[in-house]
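All chains should be built: construct the whole structure from the sequences, respecting the hints.
The residues making up each chain are set out below.
Protein chains: 2
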Amino acid sequence: LSSSSYGVLRSRRSRPVVVVKAEAINPEIRKSEEKVVDSVVVTELSKPVTAYCRCWRSRAFPLCDGTHVKHNKATGDNVGPLVLKKQ
Amino acid sequence: LSSSSYGVLRSRRSRPVVVVKAEAINPEIRKSEEKVVDSVVVTELSKPVTAYCRCWRSRAFPLCDGTHVKHNKATGDNVGPLVLKKQ
Ligand code: FES
Ligand code: FES
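Residue numbers (the working numbering), protein chains in the order written: chain A, 1 to 87; chain B, 1 to 87.
Quick caveat, the hints were computed from the structure, so don't treat them as lab data. Incorrect hints may have been included.
Distance condition first, Cα-Cα at most 27 Å in a straight line; then the derived DSS-like pairs of lysine-lysine [said to hold, decoys possible]:
1. Lys70/B / Lys35/A
2. Lys86/B / Lys47/A
3. Lys47/B / Lys86/A
4. Lys85/A / Lys86/B
5. Lys35/B / Lys85/B
6. Lys35/B / Lys70/A
7. Lys86/A / Lys86/B
8. Lys70/B / Lys31/A
9. Lys70/B / Lys85/A
10. Lys47/A / Lys31/B
11. Lys85/A / Lys85/B
12. Lys70/B / Lys47/A
Spelled out as structure tokens, the structure:
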């Protein structure tokens, strides 16, 4: 081995192993539930337009409260709500 | 400095800095769009029950195709769809 390749080996050995793991996308909402599923009976929608959260950051979940804007800015993401319209 | 504390300092210096940053939750869907918003005119729903994806992993996005199960298993997450019911 040349001294430089040995250096690389030593360097690799002394570094901590960093494991990058797929992440949960919901850090906080209803974590006691095994799976968070919400149902909407569409005939019962009261307003002409209702936005439902898909970023898992809304304080009004399952409704969208606009927090996706903050999440997108902080992470470079591009998520937004599902908008239900009565017509 | 004792040799052991020096070792710690040298070890700290030679490690790469690991920055843990808030993560995007949508790795792939419609990344050319600044914000992915979908609208559903509820009177146009064809089926009695339709599930919409909130995990950003569905191959049928904005519809749910069940991939949230795989995501939950891989990450320990607990996300699921928004289910629209006609009645
Ligand atoms: S607050 Fe989550 S999509 Fe708007
Ligand atoms: S596939 Fe995304 S919620 Fe079901």
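Do the hints match the structure? See the list:
Between the alpha carbons of Lys70/B and Lys35/A the distance comes to roughly 12 Å, so the proposed pair stays at or under 27 Å and holds. With a C-alpha separation of about 16 Å, the suggested pair Lys86/B and Lys47/A falls inside the 27 Å cut-off, and the hint holds. For a cut-off of 27 Å, the pair hint linking Lys47/B to Lys86/A stands: about 16 Å separates their Cα positions. The hinted pair formed by Lys85/A and Lys86/B meets the criterion: a straight-line CA distance of about 13 Å does not exceed 27 Å.
Restraint check for Lys35/B and Lys85/B: the C-alpha separation of about 26 Å stays at or below 27 Å, so the hint holds. Distance restraint check for Lys35/B and Lys70/A: the Cα-Cα separation of roughly 12 Å lies within the 27 Å cut-off, and the hinted pair is therefore satisfied. Of the supplied pair hints, the one linking Lys86/A and Lys86/B holds, its CA atoms being roughly 12 Å apart against a limit of 27 Å. With a CA separation close to 17 Å, the supplied pair Lys70/B and Lys31/A stays within the 27 Å bound.
Using a Cα cut-off of 27 Å, the hinted pair Lys70/B and Lys85/A is violated, with the two alpha carbons roughly 30 Å apart. Of the pairs offered as hints, the one joining Lys47/A and Lys31/B is violated, with about 30 Å between alpha carbons and a cut-off of 27 Å exceeded. Taken as a hint, the Lys85/A and Lys85/B pair is honoured in the structure, with Cα atoms around 14 Å apart against an allowance of 27 Å. Annotation: proposed proximity of Lys70/B to Lys47/A is violated, straight-line Cα distance about 34 Å (limit 27 Å).
When each numbered hint is compared with the structure, violations occur for hints 9, 10, 12.
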